[in-house]
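Participant: Residue strings, one per chain:
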Amino acid sequence: MSTQDERARRQLIDLAAAFYDQFDQGEVPEMTLPTRTKSNIEYDEDSGVWVYGDRTSTRSANSVRGARKLLKATYTIDFLARQLEEGRSSTLRELYYLSESWDSDEAAFADQDESNQLIEDLEIVSDVTREDFHMRPEESGATLMGPLELREQTRRGEREIHCQKDVGEGGYQIPNNPDTIDFLDHDIEFILCVETGGMRDRLVENGFDTDYNALIVHLKGQPARATRRITKRLHDELDVPVVVFTDGDPWSYRIYGSVAYGSIKSAHLSEYLATPEADFVGIQPEDIVEYDLPTDPLADSDVNALESELDDPRFTTDYWKEQIELQLDIGKKAEQQALASRGLDFVTDEYLPERLSEMGVL
Amino acid sequence: MTSFQSTLGEDGGIAEELAENQRAISIAEFFEKNKHMLGFDSGARGLVTAVKEAVDNALDATEEAGIAPDIYVEIAEADDYYRLIVEDNGPGITKEQIPRVFGKLLYGSRFHAREQSRGQQGIGISAAVLYSQLTSGKPAKITSRTRGSADAQYFELVVDTDDNEPEIRNEQTTSWDRPHGTRIELEMEANMRARAQLHDYIKHTAVVNPHARVELREPGLDEPLKFERGTDTLPDETEEIRPHPHGVELGTLLKMLEATESYSVSGFLQEEFTRVGNKTSTKVCNRFRDRHFGREMAWGTPAPHDEADIEDALIDAVANKSAAATDWFAARVEETVGDRERISHHELVEIVGNLADAAEAEFDETFGETVRENAVDAAWAECTRTDLLTTTLYERIDNATSTRKDDATVQGVAERLADKFAATDDPRHRATRDELVAYVDRSADRIEEATEATFGDTARENVVEACWAIMQTVPDDLPKVKTVADDRDTASELLEAMRATDILAPPTDCLSPITADLVEAGLRKEFDADFYAAATRDAEVHGGDPFIVEAGIAYGGELESDGSANVMRFANRVPLVYQRGACAITDVVKDIGWRNYGLDQPGGRGLPSGPAVVMVHVASTNVPFTSESKDAVANVPTIEDEIELAIREAARELKSYLNRRRSLEKRRRKQEVLGRILPEMADKLAAVTGQERPNIDGALGRIMNNVLVERTVEEGAVTLAVRNHSERKEELDVTDIVDQEPTAVSDGASVVDLDDEWFVQWSPSVSAGETAQLTYEVSDGDGATFDVDVEGIEGEKLTVDT
Numbered sequence: 001m002s003t004q005d006e007r008a009r010r011q012l013i014d015l016a017a018a019f020y021d022q023f024d025q026g027e028v029p030e031m032t033l034p035t036r037t038k039s040n041i042e043y044d045e046d047s048g049v050w051v052y053g054d055r056t057s058t059r060s061a062n063s064v065r066g067a068r069k070l071l072k073a074t075y076t077i078d079f080l081a082r083q084l085e086e087g088r089s090s091t092l093r094e095l096y097y098l099s100e101s102w103d104s105d106e107a108a109f110a111d112q113d114e115s116n117q118l119i120e121d122l123e124i125v126s127d128v129t130r131e132d133f134h135m136r137p138e139e140s141g142a143t144l145m146g147p148l149e150l151r152e153q154t155r156r157g158e159r160e161i162h163c164q165k166d167v168g169e170g171g172y173q174i175p176n177n178p179d180t181i182d183f184l185d186h187d188i189e190f191i192l193c194v195e196t197g198g199m200r201d202r203l204v205e206n207g208f209d210t211d212y213n214a215l216i217v218h219l220k221g222q223p224a225r226a227t228r229r230i231t232k233r234l235h236d237e238l239d240v241p242v243v244v245f246t247d248g249d250p251w252s253y254r255i256y257g258s259v260a261y262g263s264i265k266s267a268h269l270s271e272y273l274a275t276p277e278a279d280f281v282g283i284q285p286e287d288i289v290e291y292d293l294p295t296d297p298l299a300d301s302d303v304n305a306l307e308s309e310l311d312d313p314r315f316t317t318d319y320w321k322e323q324i325e326l327q328l329d330i331g332k333k334a335e336q337q338a339l340a341s342r343g344l345d346f347v348t349d350e351y352l353p354e355r356l357s358e359m360g361v362l
Numbered sequence: 001m002t003s004f005q006s007t008l009g010e011d012g013g014i015a016e017e018l019a020e021n022q023r024a025i026s027i028a029e030f031f032e033k034n035k036h037m038l039g040f041d042s043g044a045r046g047l048v049t050a051v052k053e054a055v056d057n058a059l060d061a062t063e064e065a066g067i068a069p070d071i072y073v074e075i076a077e078a079d080d081y082y083r084l085i086v087e088d089n090g091p092g093i094t095k096e097q098i099p100r101v102f103g104k105l106l107y108g109s110r111f112h113a114r115e116q117s118r119g120q121q122g123i124g125i126s127a128a129v130l131y132s133q134l135t136s137g138k139p140a141k142i143t144s145r146t147r148g149s150a151d152a153q154y155f156e157l158v159v160d161t162d163d164n165e166p167e168i169r170n171e172q173t174t175s176w177d178r179p180h181g182t183r184i185e186l187e188m189e190a191n192m193r194a195r196a197q198l199h200d201y202i203k204h205t206a207v208v209n210p211h212a213r214v215e216l217r218e219p220g221l222d223e224p225l226k227f228e229r230g231t232d233t234l235p236d237e238t239e240e241i242r243p244h245p246h247g248v249e250l251g252t253l254l255k256m257l258e259a260t261e262s263y264s265v266s267g268f269l270q271e272e273f274t275r276v277g278n279k280t281s282t283k284v285c286n287r288f289r290d291r292h293f294g295r296e297m298a299w300g301t302p303a304p305h306d307e308a309d310i311e312d313a314l315i316d317a318v319a320n321k322s323a324a325a326t327d328w329f330a331a332r333v334e335e336t337v338g339d340r341e342r343i344s345h346h347e348l349v350e351i352v353g354n355l356a357d358a359a360e361a362e363f364d365e366t367f368g369e370t371v372r373e374n375a376v377d378a379a380w381a382e383c384t385r386t387d388l389l390t391t392t393l394y395e396r397i398d399n400a401t402s403t404r405k406d407d408a409t410v411q412g413v414a415e416r417l418a419d420k421f422a423a424t425d426d427p428r429h430r431a432t433r434d435e436l437v438a439y440v441d442r443s444a445d446r447i448e449e450a451t452e453a454t455f456g457d458t459a460r461e462n463v464v465e466a467c468w469a470i471m472q473t474v475p476d477d478l479p480k481v482k483t484v485a486d487d488r489d490t491a492s493e494l495l496e497a498m499r500a501t502d503i504l505a506p507p508t509d510c511l512s513p514i515t516a517d518l519v520e521a522g523l524r525k526e527f528d529a530d531f532y533a534a535a536t537r538d539a540e541v542h543g544g545d546p547f548i549v550e551a552g553i554a555y556g557g558e559l560e561s562d563g564s565a566n567v568m569r570f571a572n573r574v575p576l577v578y579q580r581g582a583c584a585i586t587d588v589v590k591d592i593g594w595r596n597y598g599l600d601q602p603g604g605r606g607l608p609s610g611p612a613v614v615m616v617h618v619a620s621t622n623v624p625f626t627s628e629s630k631d632a633v634a635n636v637p638t639i640e641d642e643i644e645l646a647i648r649e650a651a652r653e654l655k656s657y658l659n660r661r662r663s664l665e666k667r668r669r670k671q672e673v674l675g676r677i678l679p680e681m682a683d684k685l686a687a688v689t690g691q692e693r694p695n696i697d698g699a700l701g702r703i704m705n706n707v708l709v710e711r712t713v714e715e716g717a718v719t720l721a722v723r724n725h726s727e728r729k730e731e732l733d734v735t736d737i738v739d740q741e742p743t744a745v746s747d748g749a750s751v752v753d754l755d756d757e758w759f760v761q762w763s764p765s766v767s768a769g770e771t772a773q774l775t776y777e778v779s780d781g782d783g784a785t786f787d788v789d790v791e792g793i794e795g796e797k798l799t800v801d802t
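Which chain is which? The protein sequence lines are U and Z, in order. Going by this note's numbering, the residue at position 87 of the first sequence is 87; the numbering climbs one at a time, nothing skipped. Going by this note's numbering, the residue at position 735 of the second sequence is 735; the numbering climbs one at a time, nothing skipped.
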């Protein structure tokens with residue numbers, strides 16, 4: 001066992017021992033966690049990211065619900081500790097199915113959200129990341145394309161890969177634990193994170209990565225941790241600017257938010273995952289008006305999401321306030337691909353160069 | 001009718017022709033045609049009714065004689081008919097009475113009595129006899145033996161339906177193994193389709209008569225149905241009471257006036273009614289006077305500056321007396337009247353009379369009748385000068401109406417009202433309240449016509465009230481009882497006076513409630529439930545008859561949980577099994593929002609559903625039934641209110657029981673789940689940390705707010721730790737049973753030695769969050785066996801770890 005694995009295992013067993021001692025002293029076992037809601041995240045001046053505040057909630061065996069949670073936690077700790085001992089790994093989904101085989105019916109997870117959440121809980125209380133528990137998410141399939149040469153530790157040894165020359169049209173696929181990657185060389189001017197596959201393919205087809213020396217990161221919707229982690233490392237280690245290009249709707253703003261500020265669910269890892277310097281390219285509500293883009297009307301859920309973003313501490317800047325209020329005012333949203341209404345090359349020839357110059361990236 | 005009408009003119013003899021067919025019918029014949037009214041409408045029902053009548057009689061007879069009832073009911077098939085036998089251990093009936101009791105309708109001792117009893121009209125049992133003879137043609141067979149007599153009397157008899165008289169078919173003395181009692185045997189056309197009602201009736205009878213032993217045999221039963229006594233206490237004997245003044249109708253009052261031996265109304269009231277003594281009688285008589293004679297208006301007396309001069313008027317009126325006597329008399333009368341605030345005619349008569357007597361004594365002159373009358377007339381004329389009348393009325397009206405009435409209106413009404421009094425034929429200014437109302441109305445109407453002013457209903461009522469208050473009851477002698485009896489209107493005035501007087505509620509010793517304790521005992525005896533509650537209300541009165549309502553509720557256990565709750569209705573301890581829907585009791589049960597009390601009630605209205613029995617008993621000297629068959633209590637509001645209050649009282653207990661049960665149930669479920677989860681968690685933790693399984697009882701006790709009793713034995717020292725994790729102080733009885741003699745027992749314990757087992761008992765009181773240590777020592781701690789028993793706390797809240 002590596003020392004890192006040993007530490008992870010130790011932390012987990014200490015957690016179990018804490019429960020053990022609580023029982024032994026006639027106390028009710030409990031586990032205290034920061035409250036994971038948007039009202040309990042605050043801006044950390046030092047790191048420039050959003051982290052959990054002081055409010056905590058307690059999972060206690062006092063209630064049947066709480067007792068079930070703690071029982072599941074105990075079983076999961078047992079499982080993770082053994083996994084580390086045996087040097088194996090598993091996916092979050094496997095954990096969910098595996099729980100069915102445990103000897104306690106009460107310990108089985110009701111759904112995968114529950115098991116995912118429990119792993120996050122354990123990360124927080126043990127101060128060990130999921131990756132160090134050897135827990136993987138399913139492959140998110142997110143990719144890189146651009147002038148970057150890197151070395152990846154694979155099961156078949158080290159591989160050196162150039163993310164334009166050595167990869168196909170699909171690009172380089174980001175591994176689950178990007179910390180196993182070393183960056184060797186690059187010509188990157190800036191990193192462009194793109195929400196949708198269609199837009200990413202358009203940019204690649206139009207040769208945007210070669211024309212502008214851009215590293216195009218495909219977010220694939222709400223980005224997986226690995227995607228956010230590699231973006232953070234690229235920014236910090238190569239000192240290149242990061243911009244995010246998404247649809248023009250409230251859900252996409254949250255994608256930007258989680259890249260830049262960290263997500264509410266994993267605010268305990270914000271320092272490790274978030275890139276506070278990342279800037280938002282668009283589609284901005286302002287662009288909808290300026291370029292007269294084809295739109296869809298805002299649904300009720302969109303309006304609620306926008307209003308909720310107005311109270312979200314991550315979006316309390318003047319820029320976001322203005323944009324969100326404008327969008328509520330026009331009552332419309334637009335997709336990235338809506339730019340195609342001005343021709344297939346419009347995005348690479350006009351929109352992005354214009355926006356990026358405006359933002360001082362080009 | 002039209003056909004008769006059209007031929008009337010042509011044939012004047014039609015009435016005679018019709019008259020030929022008109023004749024009196026006997027009551028028995030009437031019954032024959034209307035047997036449904038008495039509950040004999042079908043063979044099935046007839047049998048139940050016959051049982052009911054016979055059993056009711058048997059219970060009444062035994063209770064009256066102070067005997068604990070022992071009643072035997074047998075139904076057997078007899079060729080084409082059913083034979084019904086009912087036996088009791090009552091006092092028996094004398095030979096002379098037997099034929100009339102069983103063979104004559106409307107013969108009985110109870111109809112005239114105001115006392116709670118099961119039977120009332122004396123129809124029941126003879127109707128059953130009649131029903132049996134009509135359907136099977138066979139006579140009723142009666143055996144009865146009175147206490148102490150050597151033999152029993154045996155009769156076979158039928159009712160002669162022509163003249164409602166018993167007809168004896170056979171009569172003999174016979175021997176009977178019961179020392180006393182009565183047995184009736186009837187054969188009738190019947191069927192057992194109403195078996196359920198029959199069983200209900202018998203079972204319900206057993207519930208409300210826990211002092212009775214009842215046995216039922218019928219062809220459908222393999223074993224006789226036996227209901228044993230639940231108590232040896234007989235219901236309190238009831239007292240017969242006289243009618244209450246608020247409970248009689250005009251017809252009854254007239255009959256009572258005819259029948260009384262009293263001469264005066266006051267004597268009549270005190271003699272014939274309950275709760276009427278001298279004081280109440282005087283109040284009723286005064287109200288009777290007000291109605292019969294009217295009150296006299298008392299006018300404000302003349303002031304010195306008024307024009308009225310009683311003295312001068314009297315001097316003129318008194319003729320042929322010495323000037324000294326006249327002056328003295330006139331001056332005294334004026335002074336005496338002047339001293340009063342108001343004066344009415346009869347008061348003036350009295351004053352003049354007294355002073356005339358005084359003048360006679362003083363001056364030795366005779367003031368005869370004529371002189372006195374003239375004096376009264378003269379003085380009264382002065383006292384009733386229009387301005388005095390108007391002044392008196394103005395002051396009353398002004399006080400009685402709102403300040404917004406302008407002066408002219410008040411003055412106008414006062415003047416007109418004064419005219420009304422002045423214009424009456426009776427110079428004494430008498431008026432009944434009704435007449436006064438008419439005066440005020442007419443005066444107010446006039447003023448409204450004459451001016452734009454309004455004088456509304458409230459104002460008028462206030463004026464009537466204000467005037468009536470200063471009018472005085474007259475001292476005239478009331479008519480005698482005979483006169484009142486002959487005049488419906490006068491009798492009606494008396495009845496109104498009786499009703500208008502507040503009179504104490506009738507005494508309740510004429511009632512025999514089952515009492516809450518015995519209601520509960522009865523339910524316990526016949527229903528295997530988890531919970532019982534009962535309530536008995538205080539006596540109330542409806543129409544002069546006192547009544548008491550009792551309610552009982554049983555819930556859970558073996559009670560049928562599908563469908564609606566079982567509603568048992570009782571009137572004077574008799575179960576009501578028919579016409580459930582027409583009964584006030586059912587209506588009240590349906591109107592109660594049972595969800596408030598923790599029972600299901602589909603739609604929030606109607607009978608509650610679930611495993612519940614609701615019983616209601618109405619006891620009264622006169623239970624108002626909807627019909628002669630006495631199946632349903634009539635909807636009398638005061639009775640309905642009491643039924644509701646009684647049920648709600650019992651239901652409140654049910655509610656707190658159910659709430660408690662639900663919270664304990666929730667607690668038990670929680671404990672059950674945690675009792676599964678936490679040990680699994682503890683095992684896993686032991687495996688992960690490589691230690692022994694931790695003890696989770698403390699945590700469990702704390703979570704469940706439980707009381708935790710733990711024993712530790714160290715060498716010979718035994719400690720029982722009682723930890724109270726609940727939020728309130730707990731009082732427990734902790735008994736440790738040990739097979740070695742305990743020594744050094746901690747404070748407050750008692751030790752009982754029972755054949756080499758010692759019972760060490762403490763009764764600790766442990767505050768919330770505290771722990772009590774109970775200790776003792778034994779010689780060999782390892783070899784001893786212990787067994788702890790904890791009482792005084794629900795099992796759900798206790799965790800014993802020893």
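It should be emphasised that the hints constitute simulated quantities derived from the structure, not laboratory data. Just so it is clear, the structure is predicted and the values come from calculations on it, not from any experiment. Treat the hints with care, as some may be off.
Stated by the list, open to error - DSS-like, lysine-lysine: derived pairs with alpha carbons at most 25 Å apart: (1) Z:K283 - Z:K480; (2) U:K332 - U:K265; (3) Z:K670 - U:K69; (4) Z:K666 - U:K69; (5) Z:K655 - Z:K480; (6) U:K69 - U:K332.
Participant: For this structure, which hints from the list above don't hold up?
Facilitator: As far as the earlier hints go, 2, 5 and 6 are violated by this structure, in ascending order.
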